[in-house]
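Protein sequence lines correspond, in order, to chains P and W. Quick note, the first sequence lines up with residues 1 to 496 if you use our numbering. Quick note, the second sequence lines up with residues 1 to 95 if you use our numbering.
In short, the hints are calculated from the structure, not lab data. Check the hints yourself; a few may be wrong.
[What the hints assert, rightly or not] Some but not every residue of chain W turned toward chain P, in silico, with C-beta under 10 Å:
1) F37
2) M60
3) V89
For every residue, glycine included, the Cβ atom is placed at its ideal position computed from N, Cα and C.
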Amino acid sequence: MSDPTHLSLAEARDALKSKQLSAVELAQAHIDAISKSRALNCFITETPEFALAQAQESDARIARGDARPLEGLPLGIKDLYCSKGVRTTAGSRILDDFTPTYESTVSANLLRDGAAMLGKLNLDEFAMGSSNETSAFGPVVSPWRRAADPDAKIVPGGSSGGSSSAVAARLCLGATATDTGGSIRQPAAFTGTVGIKPTYGRCSRWGIVAFASSLDQAGPITRTVRDAAIMLRSMAGHDPKDTTSVDAPVPDYEAAVGASVKGRRIGVPKEYRIDGMSAEIAALWDEGVAWLKDAGAEIVEISLPHTRYALPTYYIIAPAEASSNLARYDGVRYGCREQGRDVSEMYEKTRAAGFGPEVRRRIMIGTYVLSAGYYDAYYVRAQKVRSLIKRDFDEAFASGVDAVLTPATPSTAFAQGEKGSADPVEMYLNDVFTVTVNMAGLPGVAVPGGLAANGLPLGLQLIGKAFDEETLFSLAAAIERAAPKIELPQPWWREG
Amino acid sequence: MSVDSATVRRIAHLSRIAIEDSEVERLRGELNAILAFVETLSEVDVEGVEPLTSALPMQMKKRADVVTDGGIADEILANAPLREDHYFVVPKVIE
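Given these sequences and hints, build the entire structure.
What follows is the structure in structure tokens.
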């Protein structure tokens, strides 16, 4: 086999099954690719020994006809998922050398099904960011380059930027990610990959470092829609340790890939045609409509009137929850500690030294909107607006719409340092199309739609009904079939 | 609404994050930019709207009130920056 890192996850699975390839060969090819690709800074911790040991077990299982669903498939794990015995950082200094004594439920599910872990993927600090520039371990570089300006380092999106870059650069067959306001879908759109945020409650949050608990959800980033379906099936499922995880059977998502979308009603929300939308994004959206129409779907205009309030609502609710969740980093139970004269000074100095600027800013905003005198004006009002955002979707789906089609991001990826240095809100606007989905707890998938004139990928987003990921996989596969094929970048970044 | 420098210091203290005097002005600008951005919510009519506290309508699951885990003090303390026997060690809390 020429280069097994060029296989899709599904193709690698089939090649292992038919013994055209061994799990050790497959793992070693990825380990070699990772060791030559450190310029991209995708991994915070590489675990080659772990991956090879798992691959040996996989080869033994395949030989005796005892293969599990993901047997021998090497994956990357976002460093927000706790890995037993492997340093877990959340992209922050404050966790120092934190080494969990337990495994997150979702990564445990992947290991249970035979997957191998290649390492822990870089991310924005505590998943707060849209460009992977807030990581304490340095920014991740996208394998994509602008045609006219190949020296500019392009961001892979965030917060799951290590995941999206590693998948696009073929350093792993697929990666875990998490999405609180767009952190799976925006990086997928920026790198020409597929990313699905399932319905809130579909995957367990247990053992994933918490950011905003009412919004956080785990999901995969992969190179094809089928691969995302395969990974999600293993990741999803009920977990008694997360009271918000849903006790419902997990469908065979792969069976939905390739299913007909004839007669499906697709809503196109007029409020997403925002002021100043680039002609290129508008054209991509029109193409998406045409592709689904050609596949037999029916397109209807819908209205989601509270769309413009979703991002401001998010920037109250997410920081409020984050300020509570991050109260646990106090220099006592884990992570770094700065000395102080008393316990209070120790807390304050530890947190000032351990958290980066974006995290400190969000903790402070969250503390403010929850503080006495401001709680009703900010936090309770935001929760009420969140009800209205969700109601908009409820009404659209009640009117007979099966899914909603929108652009995934308002622009292509940008270069490091280009956004948000003067005004944090400029960076926040990246999530304008994705954040509504977290507000309403719905599933959303980003799927590549082609390349922009600058040579960078563009993505479309499909939003589904709660727990109807299957429809999203069918529709995303229809777009994948119709869209111009994206040729992944040649490995300009490799050493040796 | 916007915050003044005294409020910035108060929020930092409530957040248990030490800040230098030289940082106050910059933080005030950043926090006010975010507060100006969320100000748009004041124009939404929320009369009679219930606050959304759970993303999906679900009953909080309950289980029997019995011990299901424990006896792992060594694991719990394994990552502590300072520990003694089975205790976390912190600076003096009471003089």
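We went through each hint and held it up to the structure:
no., hint, in the structure
1, F37, "holds, 5 Å"
2, M60, "holds, 6 Å"
3, V89, "holds, 9 Å"
Against the hints set out earlier in the document, no violation occurs for any number.
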